[in-house]
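Chain by chain, the residues:
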Amino acid sequence: MEEGSNKGWIWGIVVLLVVVLGGWWVLGQKTPGASADTIKIGFIGALTGDAADYGEPQKNVLVLAAKDINDHGGIAGKQVEIIYEDAKCKGPDGANAASKLVNVDKVQVILGGSCSGETLAAVPVAEAGKVAIITGSATSPALINKSPYFFRDYPNDSSQGVVLADQAYTKEGWKKVAVIQEQTDYALGIFQAFEARYKQLGGTIVKEEFASNISDFRSVLAKLKADKPDAVLVSVQTAASAQRIFDQMQKLGWKPKLMLNDVTIGDPATLTKFKDFLEGDIGANFNLNDTPKFVALRDAYKAAYGKDMGYPTYSTAVYDSLYLIKEAIEAVGYDGTKIAAWGRSSVKNWEGASGSITIGPDGERQSGDSIFQVKNGTAVLVQ
Amino acid sequence: MDIVVQILLNAVIAGAIYSLLALGFNLIYSTARFFDLGYGALTAVGGYSVFFLYKILGLPLIPSIIFGMIMAGILGWGVSELVYRPLRARKASNTVLLVAALGVLTVIQAGIAILFTSQFQTLSRYVAEQQTYTILGGVITQTQVLILAAGLIIMVLLGVVLKYTRVGKAVRAVADDEEVATIVGINAQRIMGGVFFVGSMIGGLAGISVGFDTGIQPTMGLALLLKGVIAAIIGGIGNVWGGVIGAFVLALVENLGAWQFSGEWKDAIAFLVLILFLLFRPKGILGK
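Going line by line, the protein sequences match chains E and W. Residue numbering for the first sequence follows this note's numbering, starting at 65 and increasing by one per position. Residue numbering for the second sequence follows this note's numbering, starting at 47 and increasing by one per position.
Derived from the structure by calculation, the hints contain no laboratory data. Each residue gets a CB set at the ideal place from its N, CA and C atoms; glycine is no exception. Wrong hints could be hidden among the right ones.
[Unchecked claim] Coverage of chain W stretches by chain E, computed from C-beta distances (three or more under 8 Å per stretch; other residues unrestricted):
| no. | region |
| --- | --- |
| 1 | 156-165 |
| 2 | 302-308 |
| 3 | 315-326 |
[To be verified] Simulated crosslink set (DSS-like; lysine-lysine; CA at most 30 Å straight-line):
| no. | chain 1 | residue 1 | chain 2 | residue 2 |
| --- | --- | --- | --- | --- |
| 4 | W | Lys101 | E | Lys337 |
| 5 | E | Lys321 | E | Lys357 |
| 6 | W | Lys101 | E | Lys371 |
| 7 | W | Lys137 | E | Lys366 |
| 8 | E | Lys439 | W | Lys101 |
[Stated by the list, open to error] A short list of chain E residues far from chain W (calculated; beta carbon distances all over 12 Å):
| no. | residue |
| --- | --- |
| 9 | Asn124 |
| 10 | Val359 |
| 11 | Lys402 |
Please work from the sequences and hints to get the whole structure.
Now the structure itself:
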């Protein structure tokens, strides 16, 4: 008995030693981010759930961009490898994904996230690991100057809320607007920018919020309807939420004038599905032009995936972000701190698929949104 | 004025769905005597079966719905036979059954997500062309009227069957005391299996209704289950009519709350009502 338990002890220690030393050895083999012939870059985005509508095309364009870069000699002579992490558009998942990329994969740059919530959670983790993080589609104003390691090549929502407020009060003459807002960082950011400007102009706002897991909007809509607003701002996180709202507005027999944010007016599928319902409504979106680079990407996407590129505005900005990072690494080396500093100082009139990109010292892209109107199922720029 | 009518109509529609949930839950709970979380996932099974048959394969509506209910029923029965029955035979405690049921819920949800993705889906093929009716300024759609009718028919059927038929009496006997029922010659295992089948079918129909009314997601089950449970507790757990009354009370309070305060408080209000009932009237409105 006594002998047996002694032996047990010894075996326990041996196993422990093997595990600890073995683990040390295995983890020690992991080269930080760049090995002799590859450069690892992380991606955080919504690859499942409603927000995958925009997360998935972003992954698709990155696959195309990485292939293109690798076919043309890679980054500074090394092949680029992107590690895709699904953060489901949720804060905790964003933090987990960032922590995995920073601590396990040891990347120096992260692209993403595709939503503001996951990005807000990922940025502090990236900063702690001295890793640069660039997003092409998280647009919340709460991210402005959140960290010196963060920058973006997509305009933030302050401009979206402001152009909508100006259009509503000044051009359309709407004095009272109802807002239905999803309880997410992105949707809140748009509302706050809108509210600040609209109230400053003299308008009144009534507002209802809803959690992302809610699908019954009837009473909320009935309430807003009874307030008799001149128009309704639909500030949602995903086009799926917007579709549920439109659907239930129809069931209520209510068709107010609508103002849409970029996830809704930027989604061709929603505009087609609710073609008659949305006719004449307005929305704010980033203005893309048919530049040769954009057209080339659009056609390559269609050829590779057999369907149209979803959310072209976000997708092109995310596509451009990888090329920006390529230039950064070639200019300052594979180092998170230097790449972040480069992002905030060296991007001036950089021509990408999403147009001419200039990023200010605050890490923000220097061009804003424009007003679009839904005509016959497509969004047309309002001049 | 018409906002009041609309809020009341909304409450009636939500109440119809909650009452289906409560009916199925009550039936299973009062017989099996444990908190069957897996029941929640069967709502999604019903919803997704119809999604597959009606929307993807393009089969006619009524057969799709019937088949969806049967699918949910078979799965509910299968789970009861394969998981709960061996556990009960081993005299497992209710906590063990609860944990097993949580496992069932998780597995079914994951299975649906693998098969159909976790994307939100709607069941109706044509949204814009739905027939709507206006009552005193409030609007209700044809689908919603049908859901309401289905809820009422099932409630009456269930009530009558349980009260007046031999099978119904056997179910009540098993619910009262399984051992005594077995001694007097009732095949308690078969009755239990049947109860799971029928209860799950009703849960499946609730899921299908939700799918036509708003939409479905693999994880929809737990939230729906909780609404059904709250309705059952408010009305008097184990009481068929009580569950239905509880469902309409819950829906009314929720929708009035959303109107008077704000929509985001709906769930909070539902649980507040639950706590109040548990504290001050644990037997529910009707009692057992």
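Checked hints:
Three residues within the 8 Å Cβ limit are the bar, and the region 156-165 of chain W against chain E gives 3, so the coverage statement holds. Under a criterion of three residues with beta carbons nearer than 8 Å to beta carbons of chain E, the stated coverage of the region 302-308 of chain W is upheld, 3 such residues being counted. For a cut-off of 8 Å, the count of residues in the region 315-326 of chain W with a CB near a CB of chain E stands at 0, and the three-residue condition is violated. For a cut-off of 30 Å, the pair hint linking Lys101 of chain W to Lys337 of chain E stands: about 16 Å separates their Cα positions.
Distance restraint check for Lys321 of chain E and Lys357 of chain E: the Cα-Cα separation of roughly 36 Å exceeds the 30 Å cut-off, and the hinted pair is therefore not satisfied. Of the supplied pair hints, the one linking Lys101 of chain W and Lys371 of chain E holds, its CA atoms being roughly 21 Å apart against a limit of 30 Å. Simply put, Lys137 of chain W and Lys366 of chain E have alpha-carbon atoms about 60 Å apart, too far for the 30 Å limit, and the pair is violated. Restraint check: the Cα-Cα separation between Lys439 of chain E and Lys101 of chain W comes to about 29 Å, which is no more than 30 Å; the hinted pair holds.
With a least beta-carbon separation of about 16 Å from chain W, Asn124 of chain E lies farther than 12 Å from that chain, consistent with its non-interface assignment. Every CB of chain W is more than 12 Å from the CB of Val359 of chain E (nearest about 30 Å), matching its label as outside the interface. Look at Lys402 of chain E: its CB is around 39 Å from the nearest CB on chain W, clear of 12 Å, so calling it non-interface holds up.
Hints 3, 5 and 7 from the earlier list are contradicted by this structure; the remaining hints agree with it.
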